[in-house]
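Peer 1: Protein chains in written order, with full-length UniProt numbering: chain A, 1 to 433; chain B, 1 to 433.
Please keep in mind that the hints were generated in silico from the structure rather than gathered at the bench.
One or more hints might be untrue.
With a cut-off of at most 27 Å between alpha-carbon atoms, the simulated DSS-like pairs for lysine-lysine come out as follows [unchecked claim]:
1) LYS298/B - LYS62/B
2) LYS56/A - LYS298/A
3) LYS62/B - LYS161/A
4) LYS397/B - LYS331/B
5) LYS62/A - LYS161/B
Label pairs and their in silico Cβ distance ranges [claimed, not checked]:
6) ARG39/A - ASP199/B: 28 to 38 Å
7) ARG10/A - GLU191/B: 53 to 63 Å
8) ARG184/B - ARG184/A: 23 to 33 Å
9) ASP325/B - ASP326/A: 51 to 61 Å
Everything numeric in this text was worked out from a predicted model, so none of it was measured.
Glycine residues also receive a C-beta, built at the ideal position from the N, C-alpha and C atoms.
Protein chains: 2
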Amino acid sequence: MDPGVELLGRSDLEALQLERLRRTVRRAARSPFYGARARQYGIDGERIKSLEDIRKLPFTTKQDLRDAYPYGFLCVERQHLVRLHISSGTTGQATAVFYTQRDIDRWADLMARCLYMTGARPGDTFQNLSGYGLFTGGLGFHYGAERLGLLTIPAGAGNSKRQIQLMRDFATTVIHIIPSFALRLMDVMTEMGVDPRRDLQLKIACMGAEPYSEEVRCRVEAFFGVEVYNSYGLSEMNGPGVAFECPARNGLHIWEDAYLVEIVDPATLEPVPDGMLGELVLTTLDREGMPLLRYRTKDLTRILPGDCPCGRVHRRLDRIQGRSDDMFIIKGVNIFPVQVEQVLMSIPEVGSNYRIVLDRENNIDTMTVQVEVTDRIFVEDMRHLQRIQNKITRELKSELLVTPRVELVEPQSLPRNDGKAVRLVDHRNPYNT
Amino acid sequence: MDPGVELLGRSDLEALQLERLRRTVRRAARSPFYGARARQYGIDGERIKSLEDIRKLPFTTKQDLRDAYPYGFLCVERQHLVRLHISSGTTGQATAVFYTQRDIDRWADLMARCLYMTGARPGDTFQNLSGYGLFTGGLGFHYGAERLGLLTIPAGAGNSKRQIQLMRDFATTVIHIIPSFALRLMDVMTEMGVDPRRDLQLKIACMGAEPYSEEVRCRVEAFFGVEVYNSYGLSEMNGPGVAFECPARNGLHIWEDAYLVEIVDPATLEPVPDGMLGELVLTTLDREGMPLLRYRTKDLTRILPGDCPCGRVHRRLDRIQGRSDDMFIIKGVNIFPVQVEQVLMSIPEVGSNYRIVLDRENNIDTMTVQVEVTDRIFVEDMRHLQRIQNKITRELKSELLVTPRVELVEPQSLPRNDGKAVRLVDHRNPYNT
Ligand SMILES: [Zn+2]
Ligand SMILES: [Zn+2]
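The task is simple: from the sequences and hints, build the whole structure.
Peer 2: Shown next as C-alpha cells:
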C-alpha cells in the first residue's frame, strides 16, 4: 500500500492531478500527433489552470492510434524505450504502446498496489493463469506480483491439469484468471474430483480482461472458495492496474494519481453526472514514453457516488457495462442494450433471452422488446401474462424514458447466432439487414 | 559489460570463486537435502580450502531434484521467494527452481551481459520469439533485454506472419529464437517473398534451447543476414545466461563468477583434461534461494583450451555435443555417438546418415559402423570404396581407441524412425531389441 497516495485527501489528490496533468500536456506535445494538435488548437500546459480545463482538449480515439502507428504518439527517443506491447484489436489494424523503464516501474507499482489491496502478501503463492507475451495481462500482473514479493508462478494460459497440479503442489493462494478460463477450470476440477475448498488453499482470485456479471463472480467464489476481485485495464493505459476492487468490493477504485477520469455521453461527448452511465475517458497522468490525453475507451461505466469504507479517496467505477459502440438512438434518446438488460434481469418472470427490434413505421421509430418468459410460467394464463407484460413496459419506460412495445415469447424461442444471443436488430437502416 | 568481473585476471577470478563457493556450501546446508548430506558427509564451507576441494562433495542429479520436489532444495523462507519455474522434463516428474528477488536481479544481470557481449545496445529493438511462462527462455531473455535497455517486444513463440510484421514495423535488430523456429521462419518468409537482407534490419540472432549444428548456424546467418550467437543454459541453473558466445564465436564463455564448471567422465565421474569431451557439472556460486552443488547437467561438451581474443578470462565451452545418457561402453572404452559422428562428418565421401550396431559374438563385444556414402560416389568402383572404408576405420580407431567394423551402404538405405535417424542399435542386451 502507498498511504501517501492512496489515502490523500481529495484536495491534495486533485492538486497532484493538476500538477501531473500540466506536465503531461506539455510532455505530450513532443509527440508528432499531439505536437500537431497543440499547434492546431493552441493548447499547452500553461493554459491548464484547473482540472476542468482538460475539456479544452480534443479527444483521442483508437482510430487516432491506428493512424499514427507505429511511432506517432512517442514522446521520447527510441533508445529510452524498453518495452512494446501490441494490441491487434478486433478490426485488424494494430496499435502500439511503448514504455520507458520508468513506465514499467510505475505500472508494476500500480499492479502491486492492486494486489496488496486484495490482501495478498509476501508468503502468498501467486499463480498467473494468464497468457504472457504481447497480451498485457500476463506481464502486467507478473511484474506487480514480484514487486509485492509474492512467490510468482508464471503458469500462462491453458493446460488445466497442470494448473491444478501447480495449485496443489505449491499451495497457491492467489490467482489471476480470465472469467471464461475460471469457468472451464471448474468443469475440469469437477471431472477430476478436485474440490478446491477441500484440496486447495485458494483465497483470492483476480478476474478481468473480459466483462463478466455478478452471477459469474458468485459462481466462481462458491466453487473455489475464494473472494473474487474485479480488475480493469486496457493496453492503451499500460494494461491491467487502471482500476481494481478493494475488500469492500463495491466498485473498482481507479488510481486517480495515475489516470484522470471522465465519464461522457457517447453521443454528445459532454460529461454526465456521477452515477450516470457513460463512456469512460482516461488521461494518463504519470506516463513518460507515450502519454494519452482524453482517450475514449469505449467502455461503458459510471462513477459510483459516495465514500468507500476502506478510506481510499480514489473514486470507484461500476463494473463495465458494455461498449459504447452498442448504443442506439430512438426518438432522440440514447439507449444502451445493457440498460434494457438490467431492467429485464431484475424481473423474476423473465427468462434468459431477449431481443430489441428497432423499426421505422410511417417515418416514426419504433422499439419492440421481445422477452422470453421463464419456463416456470404457465403460458396459457393470459391474465398473468398481461400483468407481466405491463410490469415490464412500465419499468422500461421509467428507466429509458421511451415506451417500447413489449412482446412475451416462449422460453428458448428467440433466435441465437452460433449459440450467442442476438440482442439488437435494427431494421431502420436499409443497409443493415 | 561488467569489466570488474568479465576482465578479472584468472587468479582474482578464482579467489572470487573460492569465496563464493565457501559461502554457497555453507548456505546450501540450510536446505533439507544438503543439510542431510552435510551431516552425512561431515562437509561444511570451512573444509573448502581450494576450488579443487569441491571434489569432496557428492554430485547432485536430476533425480535428486525430483525426489526432493517441491521444497527439498530451498534455503530461504517461502516469503523471500518471488519466482518459481517448473521443468517437466521428458520423463514426467517435475522439478522446481525457486528464485529470490536477488536471484532474479543477478540472472537479469547475467543475461544483460550476454546480450551486451553480442553488440546489442540501447536503441536496438529486441524481439523475443520465445515462449514465455514456465519456460525460462522467455522471461530470462526478457529481463536481460530490459535490464540492458533494449526496446523489448515480448512476441512469444509461433505466429510467423505476425513476427515478420513486427520485425518490419519496428525495425527489429536483435532476435532470440530457437533453431527449429528460425528454420520455419525461413520457409514462411520465402513463401511470402520477404527477403530479410533487403526488407528487414536484423543484425543479431541469439539461438539456443535446442542443440544445433554449425551448418544450421551458417544457414540462418546466410538467410537472415545476421550473426548467430550460441546461447546455453538450463532451468536448474536459472535458465539461459549460463554460457554465451562473444563476437569471436569460438565457443561459449561460461560466467565463472556465477557458475563453477567441471567436466567429468560420465562413467568414472573423474575430471577430464581441458579439450576432452565429458559431462558438464555446474555449481551455482551466486544463488541465494536454491544453490546447487556439482549438478550433473548430462550435457556433453569440453573446455576449449587457450585464450579468447576478446580478453574475457571466463573459459569457453564447446557447443553441446549431446547427452551423456547416450554414452555406451565397448571393450571397456566409453564412447559417445557424437564422437563417431564427428569423425564421419569430417570425411567428404560420407553421406547424411550412419548407424552404430553393437553386438556380442562368443562373449566378445563387437561394434559395427554402417555408413551411407554420398550419392556422388560411383558405388561400382570397388577399389575406391575400399579406400574410403579403410580411411574411416583408421580415423575412428584413432579417435575411439577401438577398431570398429565399417560397412559402407548406399545413400538413403539406412532405416529411419518417423523420419528421425536411428544412431545406435545395441543387440547385446537381450531386453533391448
Ligand atoms: Zn475501497
Ligand atoms: Zn571471447
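Peer 1: Of the numbered hints stated previously, which ones are contradicted by the structure, given in increasing order?
Peer 2: Of the numbered hints given earlier, the structure breaks none, since each of them holds.
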